[in-house]
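Number of protein chains: 2
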Amino acid sequence: MAFLDLIKKPTLLLDQQKCLTNINRMTAKAARHGLLFRPHFKTHQSRGIGSWFWEQGVRQITVSSLQMAKYFAEAGWQDITVAFPVNLREMDLINELAAQITLNVLVEDREVIQILGRSLKHSVGAFIKIDTGYHRTGIPVEQVAEIDSLVDELINQERVRFKGFLTHAGHTYQAHSREEILNIHRTSSEKLNLLKKRYLNQFPEIIVSVGDTPSCSIAEDFSLVDEIRPGNFVFYDVMQWKLGSCTLEDIAVALACPVVAKHPERKELVLYGGAVHLSKEFVHLPNGQKCYGLIVELTDHGWQILAELNPLIALSQEHGIARAEGDLFNKTKIGDLLGVLPVHSCLTANLMQDYFDFSGKFYDHLNASLSRIV
Amino acid sequence: MAFLDLIKKPTLLLDQQKCLTNINRMTAKAARHGLLFRPHFKTHQSRGIGSWFWEQGVRQITVSSLQMAKYFAEAGWQDITVAFPVNLREMDLINELAAQITLNVLVEDREVIQILGRSLKHSVGAFIKIDTGYHRTGIPVEQVAEIDSLVDELINQERVRFKGFLTHAGHTYQAHSREEILNIHRTSSEKLNLLKKRYLNQFPEIIVSVGDTPSCSIAEDFSLVDEIRPGNFVFYDVMQWKLGSCTLEDIAVALACPVVAKHPERKELVLYGGAVHLSKEFVHLPNGQKCYGLIVELTDHGWQILAELNPLIALSQEHGIARAEGDLFNKTKIGDLLGVLPVHSCLTANLMQDYFDFSGKFYDHLNASLSRIV
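Residue numbers (our numbering), protein chains in the order written: chain A, 1 to 374; chain B, 375 to 748.
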């Protein structure tokens, strides 16, 4: 029996070859530019997929929670940056991890640094989180006096090593062109580099770390930064395609969805595959249409991008409504499987909790193995 | 140690008393109107919370997937409607369930009915899914010839019992006033009732089933329908509050989130609690502000609704950004816990996978116990 015939309900498919190509391309790019490559593992959250980075020589990774750090530490990763502001309520877990691995944390508050210093039983590295314009977290890069005072506080703590400055230029996700992304990347890098120069004599080891997938995919000038931390590129998705970070062919995951109804009068296919599988993230297509995913045709060994864009135009908890062009609509039968390229692969992977490649091999996700901890 | 002191990371809190009040109110309303009450369990997806309905005398339930039907059948529920179009790829599971319990399915396609008839080894009930204006799934209520032909096909199948007509008037979620919701409910009920009358002589047992929480919460005229299937009311959420289905005080779940950063210049609090906890569902507040959740103050025994609305204005994977009014901003410290009333409690519960009440008692969710089945 062919693998697809075994699929009965929404199932996240992984194209291993596309994923490996994405990994190899970014690994090579980092090497070409002499950059430290510390990929963010929050997109795949999978030991199995993580091992493909290991095989490329990657030894340093980024995660977005201490739970995720623990999961990857247990899988053998020894050098992990948690790119999220220190959560003081998890000091026990910070100490547990710091006893086992090289752990880096993010700080942006004087009092947090003091509490961290008092509570640490083992040494950690600390990056100061800098805001270069995204305005989510971090100290605005212009507030040099405030940054000075954080550095002073950091170096006062016996078990904290000052690692440098880290930013996430997430405003690239609001960009409307490749030029705008390149401009954000350049401006952000210049500001961080100036900041580094201010402290470099005193701390010759510090580095500057940047991270968003649009910049890392599109830019070719990384002369002002030391480390990159992209994550989403491992799979890419419809949002990255819209931003110009990838082609539709580069997207390495697709949700296999059973077709459960057809509505000829609206040219709509109803899929078993909704918000609990894909997430409610959407983009607007060039024609203005709201899009929660793009339909692809599944084959025994992968999927075929269609000539016309057939978007999911609405999602409820379990239903996805696809607007299908004539050809696709006519040949699709109830009971068939269609693929959906997700709008935001991080959220889809987080919901689905596991992956299958086309040989039926299973890859686990942190969520499938998470123990409950209040 | 107080229960809240044990919480280290985003945790879904359940106010048992509010939840019981919501359950009792809807149960009493159904009884008052002489309605069959078949609550939808897709919101809580929890055996423990399901048992509170059982204690109220409820014996018939609705679910949105066959997996969910299996979970609740294993918990002892014997009469389950799967309010989702028949997924032909899960015929084995349909037969497995139909052997054990009274199972009702939804049909809207002639060929699906034929395949179902050929494949069934045990008897099932079938509702014809009717579209009264939501345009997600179902046969448009005006297409009487098409409905006639589906009924003819249904009664030809030896193991299928024709149960009646079912609709989900989900367009109430787009309504802008209580009057608009009442109008949708009335129109929808009238159309279904006319349809029922067309077949009643021939099939005196058939019923009409309606289901959305806004209609069931707000309407007081149910004379034209037989069964109600609301689900979200068990918890309610910010979306239902905005629609007028509930008060903020009725909302029975809140996500406890550690505060990890403060930005005085923007009056913003950064919470550990993002799209992987709350989902990316949002509403617009009356002032036009995008809202991914509303902040409440946690106490040892529940939470306090604040006088001013303090919304989450942005979410990324793990971060939530709250815009906090002066008082709340000033007294909140990094390391504190804040509560967040979710915009869409079904999706938040689905992501969080379990609940804790204020005694620390744990309630499981289907997702936490789901076995992997390709």
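Check each hint, because a few of them may be wrong.
To be verified - With a straight-line cut-off of 30 Å between C-alpha atoms, the simulated DSS-like cross-links for lysine-lysine are:
{"no.": "1", "chain 1": "B", "residue 1": "Lys-383", "chain 2": "B", "residue 2": "Lys-570"}
{"no.": "2", "chain 1": "B", "residue 1": "Lys-707", "chain 2": "B", "residue 2": "Lys-641"}
{"no.": "3", "chain 1": "B", "residue 1": "Lys-383", "chain 2": "B", "residue 2": "Lys-495"}
{"no.": "4", "chain 1": "B", "residue 1": "Lys-636", "chain 2": "A", "residue 2": "Lys-196"}
{"no.": "5", "chain 1": "B", "residue 1": "Lys-495", "chain 2": "A", "residue 2": "Lys-290"}
{"no.": "6", "chain 1": "B", "residue 1": "Lys-570", "chain 2": "A", "residue 2": "Lys-267"}
{"no.": "7", "chain 1": "B", "residue 1": "Lys-641", "chain 2": "A", "residue 2": "Lys-196"}
Hints listed in this document are in silico derivations from the structure and should not be mistaken for laboratory results.
Status of the hints after comparison with the structure:
1. Proposed proximity of Lys-383 (chain B) and Lys-570 (chain B) is contradicted: the alpha carbons are some 51 Å apart, above 30 Å.
2. Our distance criterion of 30 Å between C-alpha atoms is met by Lys-707 (chain B) and Lys-641 (chain B), whose separation comes to about 13 Å.
3. Proposed proximity of Lys-383 (chain B) and Lys-495 (chain B) is contradicted: the alpha carbons are some 47 Å apart, above 30 Å.
4. Simply put, Lys-636 (chain B) and Lys-196 (chain A) have alpha-carbon atoms about 24 Å apart, close enough for the 30 Å limit, and the pair holds.
5. Between Lys-495 (chain B) and Lys-290 (chain A), the direct Cα distance comes to roughly 42 Å. Violation of the 30 Å bound is thereby established for this hinted pair.
6. Only pairs whose Cα atoms come within 30 Å are accepted, and Lys-570 (chain B) paired with Lys-267 (chain A) is accepted, the gap being roughly 28 Å.
7. For the given pair, Lys-641 (chain B) sits about 28 Å from Lys-196 (chain A) by alpha-carbon distance, which is consistent with the 30 Å threshold.
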